[in-house]
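Participant: Next come the chains, spelled out residue by residue.
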Amino acid sequence: AQSVTQPDIHITVSEGASLELRCNYSYGATPYLFWYVQSPGQGLQLLLKYFSGDTLVQGIKGFEAEFKRSQSSFNLRKPSVHWSDAAEYFCAVVTSGNTPLVFGKGTRLSVIA
Amino acid sequence: SQTIHQWPATLVQPVGSPLSLECTVEGTSNPNLYWYRQAAGRGLQLLFYSVGIGQISSEVPQNLSASRPQDRQFILSSKKLLLSDSGFYLCAWSALAGGPYNEQFFGPGTRLTVL
Numbered sequence: 001a002q003s004v005t006q007p008d009i010h011i012t013v014s015e016g017a018s019l020e021l022r023c024n025y026s027y028g029a030t031p032y033l034f035w036y037v038q039s040p041g042q043g044l045q046l047l048l049k050y051f052s053g054d055t056l057v058q059g060i061k062g063f064e065a066e067f068k069r070s071q072s073s074f075n076l077r078k079p080s081v082h083w084s085d086a087a088e089y090f091c092a093v094v095t096s097g098n099t100p101l102v103f104g105k106g107t108r109l110s111v112i113a
Numbered sequence: 001s002q003t004i005h006q007w008p009a010t011l012v013q014p015v016g017s018p019l020s021l022e023c024t025v026e027g028t029s030n031p032n033l034y035w036y037r038q039a040a041g042r043g044l045q046l047l048f049y050s051v052g053i054g055q056i057s058s059e060v061p062q063n064l065s066a067s068r069p070q071d072r073q074f075i076l077s078s079k080k081l082l083l084s085d086s087g088f089y090l091c092a093w094s095a096l097a098g099g100p101y102n103e104q105f106f107g108p109g110t111r112l113t114v115l
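Heads up: the protein sequence lines correspond to chains A and B, in order. Taking this note's numbering, the leading residue of the first sequence gets 1, the next gets one more, and so forth. Taking this note's numbering, the leading residue of the second sequence gets 1, the next gets one more, and so forth.
Simulated from the structure, these hints should not be mistaken for laboratory data. Misleading hints may appear alongside valid ones.
Computed list of lysine-lysine pairs in DSBU-like fashion (alpha-carbon distance at most 30 angstroms, straight line) [stated by the list, open to error]: (1) A:Lys-68 with A:Lys-105; (2) B:Lys-80 with A:Lys-105; (3) B:Lys-80 with A:Lys-61; (4) A:Lys-61 with A:Lys-105.
Here are some chain A residues pointing at chain B (derived, C-beta under 7 angstroms) [to be verified]: (5) Val-94; (6) Leu-101; (7) Arg-108.
Just so you know, even glycine gets a beta-carbon here, dropped at the ideal spot from N, CA and C.
Work out the full structure, taking the sequences as your base and the hints as a guide.
Facilitator: Right, dumping it as structure tokens:
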């Protein structure tokens with residue numbers, strides 16, 4: 001069965017600094033990959049997704065993610081973090097077929113001045 | 001465009017009381033529907049999902065149940081709440097198709113506190 005690992009439970013970065021959130025998946029074939037963001041007390045919002053083609057995908061709010069098959073990774077990046085980016089970030093994977101997404105446990109991002 | 005609604009937004013219930021949370025989707029037909037729970041620091045736990053009316057898959061055995069009486073309505077219920085049922089409940093939908101179309105869209109959530 002597929003699984004998703006987000007190794008970092010909590011990350012703190014300074015405003016204006018760069019950000020990278022790690023995501024590793026376990027699945028034999030090419031998965032479909034997603035990053036979601038959740039602000040406190042809110043639902044989840046899709047940031048970006050990878051299906052095929054260019055391995056560097058652009059998302060909303062200035063985020064991007066790179067799919068690396070050799071490392072089974074789909075890390076989320078942002079060159080300059082804003083205070084409003086403080087939230088919980090979830091990586092998710094789904095295979096073909098009508099099955100639910102499998103989510104990682106999330107990474108909480110704190111932004112300091 | 002599609003929208004997803006959940007209510008109530010907040011609920012405080014005593015232990016042993018019943019529960020009914022409702023989720024409705026507008027602007028799409030035949031969606032997959034999902035119920036998740038978030039307990040503090042535990043990420044997202046998939047509780048139930050449904051690929052059609054009356055078709056419910058349970059992921060975690062517990063005192064909760066789900067029903068889908070209409071195509072775009074998904075209800076989460078309990079006959080007797082436990083303290084451990086406290087959490088943030090999220091409903092989501094995805095298009096009824098495989099692979100790339102399984103991105104999920106989430107509702108605003110219901111905060112349930114069981115006292």
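Participant: Compare the structure with each hint and give your call.
Facilitator: For each hint, the structure was consulted:
no. : hint                    : result
1   : A:Lys-68 with A:Lys-105 : holds (20 angstroms)
2   : B:Lys-80 with A:Lys-105 : holds (28 angstroms)
3   : B:Lys-80 with A:Lys-61  : violated (42 angstroms)
4   : A:Lys-61 with A:Lys-105 : holds (22 angstroms)
5   : Val-94                  : holds (5 angstroms)
6   : Leu-101                 : holds (6 angstroms)
7   : Arg-108                 : violated (9 angstroms)
In this structure, the hints that do not hold are numbers 3, 7, in rising order.
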